[in-house]
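**Q** Produce the entire structure from the sequences given, and follow the hints as far as they go.
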Amino acid sequence: MSIRAAEPEDAAAIASIWNGMIAGSLFTFTNQLKTEAEIRALIEARPRAVWLAEADGQGGLAGFVTYGTFRNGPGYAATVEHSIVLAEGARRSGTGRLLMERAMAEAAQQGMHVMVAGISAVNSGAVAFHAALGFVEAGRLREVGRKNDQWLDLILMQKTLTSD
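Going by our numbering, 73 is the number at position 55 of the sequence shown; the sequence numbering is gapless.
Listed next, with one range per pair, are the computed distances between beta-carbon atoms:
hint	residue 1	residue 2	range
1	S20	V162	33 to 39 Å
2	A123	D167	38 to 44 Å
3	S20	R64	15 to 21 Å
Hints are computed from structural coordinates only; laboratory data are not their basis. No experiment lies behind these values; they were computed from the predicted model shown. Built from N, CA and C at the ideal position, the CB exists for glycine as well.
**A** And the structure:
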């Protein structure tokens, strides 16, 4: 498995797995699919903050992670929120850990102090995954999301990346 920075040409592959997760789960609260143009713009706006995992020798996208602004305002400048999406066959393979380790290291190197995860409460696997990476639950927002006629809770988890 190799990890590399995303390039605009990766937009179609990213859209494929991201839109599969959007359309097929309650793990995100949106039904709005991502366009290749939106993903290209995201990659261009976040240099060294969108990372891909590729299966060595197979060329297929196994997953991606990205991070960006948590909240607007200078008081939050050292806090980022991330998103990670894995292809169906890449789950529970160590791919997510590799992606997150790269994202956390890059964010810390860029001066970020805390990384936040907003996780749908129905995604117990993601909660356990983040806990295994050292994230701690910081709160639960009840019924703040709605998708497919269901109210959904959001679990906020965080990890301190730097000691200063």
